[in-house]
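Number of protein chains: 2
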Amino acid sequence: MLLVMKFGGTSVADIERIRNSAQHVKREVDAGNRVAVAVSAMAGHTNQLVSWTREAFPEYDPREYDAVVSSGEQITAGLMAIILQSMGIPARSWQGWQIPLVTDASHGVARIDRIDGQAMLESVNGGEVAVVAGFQGVSPGNRITTLGRGGSDTTAVALAAALNADRCDIYTDVDGVYTTDPRIVPGARRLPRISYEEMLEMASLGAKVLQTRSVELAMARGVRVQVRSSFDNPDVCEPARAGLAEKRGTLVCDETDMLEHHVVSGIAYAKDEAKIMVLKIEDKPGVAASIFMPLADANINVDMIVQNLSEDGRTTDLTFTVAAGELPRALQVLRDRQDDIRFSELRGDTDVVKVSVIGVGMRSHAGVAAKMFHALAEKQINIQAISTSEIKISVLVSAAHTEAAVRTLHSLFGLDQS
Amino acid sequence: MLLVMKFGGTSVADIERIRNSAQHVKREVDAGNRVAVAVSAMAGHTNQLVSWTREAFPEYDPREYDAVVSSGEQITAGLMAIILQSMGIPARSWQGWQIPLVTDASHGVARIDRIDGQAMLESVNGGEVAVVAGFQGVSPGNRITTLGRGGSDTTAVALAAALNADRCDIYTDVDGVYTTDPRIVPGARRLPRISYEEMLEMASLGAKVLQTRSVELAMARGVRVQVRSSFDNPDVCEPARAGLAEKRGTLVCDETDMLEHHVVSGIAYAKDEAKIMVLKIEDKPGVAASIFMPLADANINVDMIVQNLSEDGRTTDLTFTVAAGELPRALQVLRDRQDDIRFSELRGDTDVVKVSVIGVGMRSHAGVAAKMFHALAEKQINIQAISTSEIKISVLVSAAHTEAAVRTLHSLFGLDQS
Chain A
2 MLLVMKFGGT
12 SVADIERIRN
22 SAQHVKREVD
32 AGNRVAVAVS
42 AMAGHTNQLV
52 SWTREAFPEY
62 DPREYDAVVS
72 SGEQITAGLM
82 AIILQSMGIP
92 ARSWQGWQIP
102 LVTDASHGVA
112 RIDRIDGQAM
122 LESVNGGEVA
132 VVAGFQGVSP
142 GNRITTLGRG
152 GSDTTAVALA
162 AALNADRCDI
172 YTDVDGVYTT
182 DPRIVPGARR
192 LPRISYEEML
202 EMASLGAKVL
212 QTRSVELAMA
222 RGVRVQVRSS
232 FDNPDVCEPA
242 RAGLAEKRGT
252 LVCDETDMLE
262 HHVVSGIAYA
272 KDEAKIMVLK
282 IEDKPGVAAS
292 IFMPLADANI
302 NVDMIVQNLS
312 EDGRTTDLTF
322 TVAAGELPRA
332 LQVLRDRQDD
342 IRFSELRGDT
352 DVVKVSVIGV
362 GMRSHAGVAA
372 KMFHALAEKQ
382 INIQAISTSE
392 IKISVLVSAA
402 HTEAAVRTLH
412 SLFGLDQS
Chain B
2 MLLVMKFGGT
12 SVADIERIRN
22 SAQHVKREVD
32 AGNRVAVAVS
42 AMAGHTNQLV
52 SWTREAFPEY
62 DPREYDAVVS
72 SGEQITAGLM
82 AIILQSMGIP
92 ARSWQGWQIP
102 LVTDASHGVA
112 RIDRIDGQAM
122 LESVNGGEVA
132 VVAGFQGVSP
142 GNRITTLGRG
152 GSDTTAVALA
162 AALNADRCDI
172 YTDVDGVYTT
182 DPRIVPGARR
192 LPRISYEEML
202 EMASLGAKVL
212 QTRSVELAMA
222 RGVRVQVRSS
232 FDNPDVCEPA
242 RAGLAEKRGT
252 LVCDETDMLE
262 HHVVSGIAYA
272 KDEAKIMVLK
282 IEDKPGVAAS
292 IFMPLADANI
302 NVDMIVQNLS
312 EDGRTTDLTF
322 TVAAGELPRA
332 LQVLRDRQDD
342 IRFSELRGDT
352 DVVKVSVIGV
362 GMRSHAGVAA
372 KMFHALAEKQ
382 INIQAISTSE
392 IKISVLVSAA
402 HTEAAVRTLH
412 SLFGLDQS
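Read top to bottom, the protein sequences are chains A and B.
Heads up: the first sequence runs through residues 2 to 419, numbered per the working numbering.
Heads up: the second sequence runs through residues 2 to 419, numbered per the working numbering.
Because the hints were derived from the structure by calculation, they are not lab data.
Accuracy of the hints is not assured; some may be wrong.
To be verified - Coverage of chain B stretches by chain A, computed from C-beta distances (three or more under 8 Å per stretch; other residues unrestricted):
id, stretch
1, 49 to 63
2, 74 to 84
3, 352 to 359
Please read these numbers as outputs of a predicted model, since none were measured by experiment.
Built from N, CA and C at the ideal position, the CB exists for glycine as well.
From just these sequences and the hints, can you work out the full model?
Structure, rendered in structure tokens:
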């Protein structure tokens with residue numbers, strides 16, 4: 002098999018951790034697999050580099066920011082190659098510009114345009130482990146770019162696609178994707194498989210296992226991604242083989258590769274939401290536009306929207322959510338438009354949480370929403386707003402109800418460990 | 002003028018020090034000079050990177066060592082560019098591979114083959130400060146190379162040659178080259194000028210201001226090098242102008258540009274010498290070769306050599322020096338050849354110091370050596386070995402006499418501050 006193995010910041014936090022991660026690589030090489038490795042910077046290192054650029058100048062040039070912060074992955078790629086060599090495994094490091102991994106020029110959040118992996122593939126086919134500095138690429142103008150925080154996941158998936166790898170193993174500090182946060186529900190179960198679509202919802206809703214873009218890319222290119230723990234003892238893990246069974250971690254794969262079909266796969270929650278209430282606005286065509294157009298112009302994303310008719314029948318209240326960090330700016334935008342909107346009152350509230358039920362099985366099972374709302378009502382948990390997609394239902398509740406809501410739904414949909 | 006300005010590790014040790022160094026750049030830009038900057042890594046940073054590579058594997062691959070340790074200069078180049086921009090000065094960073102600064106493939110001690118400075122020169126001529134990561138280059142095989150410790154001096158001089166700069170200013174933590182070490186002779190004077198040849202002798206003899214290779218390169222390419230302190234207040238320094246007078250630092254230049262001609266320019270000393278005595282070997286042709294050939298084969302450089310006829314007229318003693326770090330290996334090589342050499346005794350001694358008197362004026366002034374030996378004898382300082390070149394005389398003395406010897410010679414040749 003041709004494998005891409007990615008090690009995150011905690012898995013390369015110091016020389017001993019890199020050595021342990023290298024043992025996972027050795028296991029796969031010894032089993033006859035060809036391997037390309039993608040590495041993050043040592044845990045905490047990128048934060049140090051970012052804080053230096055901010056201290057230098059808060060309005061730093063993103064091209065220079067990229068030159069500075071990409072150095073962390075350069076270091077770990079070299080150290081990983083040295084350690085693999087010390088174990089008798091031929092290896093060499095590859096910087097983004099050496100591959101080259103060509104991105105657009107959106108410094109700090111660059112998108113991969115193409116990977117000319119020919120030289121690297123020849124090296125890998127010749128028995129050398131390619132150790133690629135994650136997170137970084139090179140622009141058409143020959144400047145170093147970075148892919149955004151967590152970008153090494155995207156590097157790994159893009160490499161797997163370019164090399165036509167059999168699988169992309171993401172080694173991290175958790176041993177897979179869980180039905181929900183085990184800190185809230187001790188009986189949460191590891192999911193042996195999850196579909197790309199479900200993983201996307203889990204990732205963007207606060208289960209911070211994989212960068213969202215890496216999942217999008219895996220889905221688009223059909224890359225099978227295995228999330229697993231680098232803290233497992235490398236010697237007792239079985240090497241990768243063709244076949245479907247996965248004893249460790251979580252395989253992120255196409256829906257058709259799913260073994261079991263639950264209606265609901267997981268419960269996610271996101272605390273970084275804020276609720277805005279615009280009270281007693283005139284109930285006439287165009288009033289919603291007068292609120293949402295200026296927010297869109299200010300690049301503020303609105304998520305859940307609820308409109309209530311008020312008692313007098315002539316005015317209405319509008320409730321919606323934005324990212325908590327955008328709340329002050331959103332309120333300011335609306336206050337500036339008070340002449341247009343003519344609300345009687347404007348309220349902001351960050352004491353809310355979005356709880357979501359996710360599962361591809363919902364497509365073919367009616368009644369999930371009704372069951373969900375009924376269970377929350379029984380627990381006296383008031384629903385402040387609702388949004389839905391094909392494979393998820395999200396509700397906004399008071400932050401105080403986070404744990405009760407997650408536990409109730411986790412039990413309700415049969416996710417608790419038996 | 003087109004200036005190259007180089008800032009060493011202590012001059013970029015943290016964001017505040019980089020900001021202060023950037024003020025020196027601003028002064029030159031404000032005066033209408035075009036500027037390229039070369040930077041070292043933050044003080045201590047390279048040592049950290051080197052120790053990581055050693056911890057990873059003591060017999061590390063030098064190609065990966067270079068990928069790891071070159072990252073320090075990448076960081077400071079980006080930060081310096083950001084800080085210059087924060088002062089309103091257009092600036093961009095250049096990594097070795099971006100210029101490109103092409104070296105041979107002798108990783109860890111690479112030599113510069115060529116600098117294709119066209120893109121950089123256009124940028125500088127367009128009013129942008131080029132901030133170059135020192136110490137690093139790229140091999141013909143597209144791997145990162147480094148130039149050896151202190152290599153950023155060589156980067157700066159090579160840039161100055163490639164850009165045809167009017168001068169190369171080396172900013173460091175001392176304010177120039179002194180007649181001797183001020184810690185030993187408080188009355189040591191800053192030399193306003195020193196010739197390349199003298200600087201080479203000073204550099205290789207222990208005055209650690211400039212990397213030796215950078216001086217060789219400056220001499221070969223006729224680059225005028227100004228050594229000066231980055232700790233000077235940037236605001237009170239005068240900007241660079243055409244003309245000869247230099248109020249700050251030391252100008253390293255061609256002999257013909259020297260303003261005043263002392264017979265002796267400086268007194269250097271080197272503590273990292275070791276003396277080897279090979280006693281009572283047969284006094285016949287070939288015996289010296291039986292000692293020095295095996296040492297040469299083992300890549301051990303021999304410096305001073307003294308041969309004495311012993312009392313019996315048939316045997317002789319040989320004394321010579323090697324670098325202190327090579328002493329155990331050199332003794333072992335000779336012991337292994339005892340069957341050939343047949344010495345009665347072999348002694349090693351690191352309790353010695355080499356004191357040197359340096360000056361281009363010695364070429365035209367006889368009697369310097371006689372004067373030197375006489376003065377040391379008067380102070381009861383025994384000379385254990387002697388070596389000379391056109392512009393220097395070195396003597397080996399007991400380490401206990403270091404200060405006395407340096408002070409005596411400094412006064413003898415009129416170097417004390419008046």
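Status of each hint after checking the structure:
Coverage of a stretch by a chain is defined here by at least three residues with a beta carbon nearer than 8 Å to that chain's beta carbons; for the stretch 49 to 63 of chain B and chain A the count is 9, and the condition holds. Coverage of the stretch 74 to 84 of chain B by chain A holds. Counting CB-CB distances below 8 Å, 8 residues qualify, and the rule asks for three or more. With a cut-off of 8 Å between beta carbons, the stretch 352 to 359 of chain B has 0 residues touching chain A; three or more are needed, and the interface restraint is violated.
Against the hints set out earlier in the document, a violation occurs for number 3 only.
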